[in-house]
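One-letter residues, chain by chain:
Number of protein chains: 2
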Amino acid sequence: MKALQDRILKDGKYLNNGILRVDSFINHQVDPLLMDQCGEEFAKEFARVKADRILTAEISGIAPALMAGKHMNLPVVYARKHKPVTMPDQVYFTVAPSHTKGNMVDLIVSPDYLPRGEKVLIIDDFLASGSTILGLVRLVQAAGAELVGIGTLIEKSFEGGRRSLEALGVPVVSLVRISSMESGKITFTE
Amino acid sequence: MKALQDRILKDGKYLNNGILRVDSFINHQVDPLLMDQCGEEFAKEFARVKADRILTAEISGIAPALMAGKHMNLPVVYARKHKPVTMPDQVYFTVAPSHTKGNMVDLIVSPDYLPRGEKVLIIDDFLASGSTILGLVRLVQAAGAELVGIGTLIEKSFEGGRRSLEALGVPVVSLVRISSMESGKITFTE
Numbered sequence: 491m492k493a494l495q496d497r498i499l500k501d502g503k504y505l506n507n508g509i510l511r512v513d514s515f516i517n518h519q520v521d522p523l524l525m526d527q528c529g530e531e532f533a534k535e536f537a538r539v540k541a542d543r544i545l546t547a548e549i550s551g552i553a554p555a556l557m558a559g560k561h562m563n564l565p566v567v568y569a570r571k572h573k574p575v576t577m578p579d580q581v582y583f584t585v586a587p588s589h590t591k592g593n594m595v596d597l598i599v600s601p602d603y604l605p606r607g608e609k610v611l612i613i614d615d616f617l618a619s620g621s622t623i624l625g626l627v628r629l630v631q632a633a634g635a636e637l638v639g640i641g642t643l644i645e646k647s648f649e650g651g652r653r654s655l656e657a658l659g660v661p662v663v664s665l666v667r668i669s670s671m672e673s674g675k676i677t678f679t680e
Numbered sequence: 491m492k493a494l495q496d497r498i499l500k501d502g503k504y505l506n507n508g509i510l511r512v513d514s515f516i517n518h519q520v521d522p523l524l525m526d527q528c529g530e531e532f533a534k535e536f537a538r539v540k541a542d543r544i545l546t547a548e549i550s551g552i553a554p555a556l557m558a559g560k561h562m563n564l565p566v567v568y569a570r571k572h573k574p575v576t577m578p579d580q581v582y583f584t585v586a587p588s589h590t591k592g593n594m595v596d597l598i599v600s601p602d603y604l605p606r607g608e609k610v611l612i613i614d615d616f617l618a619s620g621s622t623i624l625g626l627v628r629l630v631q632a633a634g635a636e637l638v639g640i641g642t643l644i645e646k647s648f649e650g651g652r653r654s655l656e657a658l659g660v661p662v663v664s665l666v667r668i669s670s671m672e673s674g675k676i677t678f679t680e
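Line order of the protein sequences matches chains D and G.
Everything in the first sequence is counted per this note's numbering, starting at 491 for the first residue and increasing by one.
Everything in the second sequence is counted per this note's numbering, starting at 491 for the first residue and increasing by one.
Honestly, the hints are just simulated from the structure, not real lab data.
Watch out, some of these pointers could steer you wrong.
Copies of the same chain look alike in the list, so a pair counts if it fits in one copy or across any two.
To be verified - Straight line, CA to CA, 30 Å or less: simulated DSS-like cross-link-like pairs of lysine-lysine:
no. : residue 1 : residue 2
1   : K571      : K503
2   : K500      : K573
3   : K571      : K492
4   : K534      : K573
5   : K675      : K540
Remember, it's a predicted structure, so these values are computed and weren't measured experimentally.
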């Protein structure tokens with residue numbers, strides 16, 4: 491997606507540890523119009539999977555998932571990292587290693603919002619190692635729901651996350667794929 | 491706002507501890523079309539304050555703030571509760587008591603996204619005691635930016651938060667105001 495590529499080149503910042511900083515338009519500060527465009531693009535890409543629901547992870551998945559949900563007219567559920575007092579005691583729960591934080595994070599979903607048999611589309615901001623997304627996939631499986639697709643804004647294809655998702659047999663769509671950030675130079679691949 | 495009132499009556503759940511559970515359409519599960527309508531309403535209400543930027547707090551402020559930002563064509567910044575590795579060391583920082591969690595939460599904003607002199611509109615999901623919003627106000631003041639308005643989806647007017655915000659001298663707009671939840675019966679006020 492050209493608009494997102496252009497924005498990454500203009501405002502993305504490469505941090506030495508393999509992390510792409512996009513906190514001026516995706517995390518921390520969000521560009522709502524860009525996210526709206528990305529949501530529209532997800533809606534086009536996933537029209538044929540006929541999802542019932544979108545699942546994402548707090549925090550930075552919320553913006554792209556919400557805009558995808560708006561364009562697809564679907565409810566959006568975000569897995570919580572801490573169980574709020576308003577959540578029932580019986581939940582779907584998994585843990586996933588956090589790439590940027592170096593620790594494990596909890597992913598918790600209320601069974602009320604992940605019904606058995608529904609078709610679930612996962613949307614998140616990044617596809618890097620794929621560990622957060624695989625955590626979301628485990629929640630879908632625990633619920634007895636059906637995974638129908640995975641969409642991310644930015645894939646760092648050199649981290650191999652796509653390979654770990656391939657066995658799932660669903661379409662994996664990233665709006666932008668970065669094949670290299672060697673020496674801070676960002677190279678896209680189609 | 492009638493659509494939001496209706497949804498609260500239909501799907502809101504009163505928990506005995508004074509907490510209104512709205513996790514089927516605002517927190518945890520989000521209804522993107524309802525949030526879009528709420529964002530449009532905020533845009534109307536705050537058109538005349540000519541904000542440069544919207545500030546909210548993660549996590550549940552993100553959806554309404556993002557949709558308001560879309561309708562107002564403004565960047566949205568969400569205060570983080572944990573400092574990510576991508577954030578610079580020098581930040582604006584405050585702590586605020588969390589109503590639903592009973593502990594203190596950090597609110598952290600990068601100076602890059604809260605520039606001195608800009609007009610800032612605060613949007614959040616709830617106005618209860620007002621403590622989170624007052625935390626956001628302190629960040630605006632620390633940055634030398636100008637607060638121009640406060641918008642929330644749901645005000646629990648019996649918790650007195652509005653009174654604590656009045657001294658700020660800016661419009662405080664809640665799309666729905668609940669005056670009582672006695673015995674689980676939700677009463678709205680205009």
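Inset, instruction - State whether the alpha carbon distance between K534 and K573 is at most 30 Å within one copy, between copies, both, or neither. - result: Result: close neither inside a copy nor across copies, 33 Å intra and 35 Å inter.
Inset, instruction - Tell me, please, which holds for K500 and K573 at an alpha-carbon limit of 30 Å: within, between, both or neither? - result: Between copies only: 24 Å across, 37 Å inside.
Legend entry - Alpha-carbon proximity between K571 and K503, which holds within one copy, between copies, both or neither at 30 Å: both (26 Å within a copy, 22 Å between copies)
Inset, instruction - State whether the alpha carbon distance between K571 and K492 is at most 30 Å within one copy, between copies, both, or neither. - result: neither (32 Å within a copy, 32 Å between copies)
Legend entry - Homo-oligomer pair classification [K540, K675; C-alpha up to 30 Å]: neither (38 Å within a copy, 38 Å between copies)
Violated hints for the displayed structure, listed by number in ascending order: 3, 4, 5.
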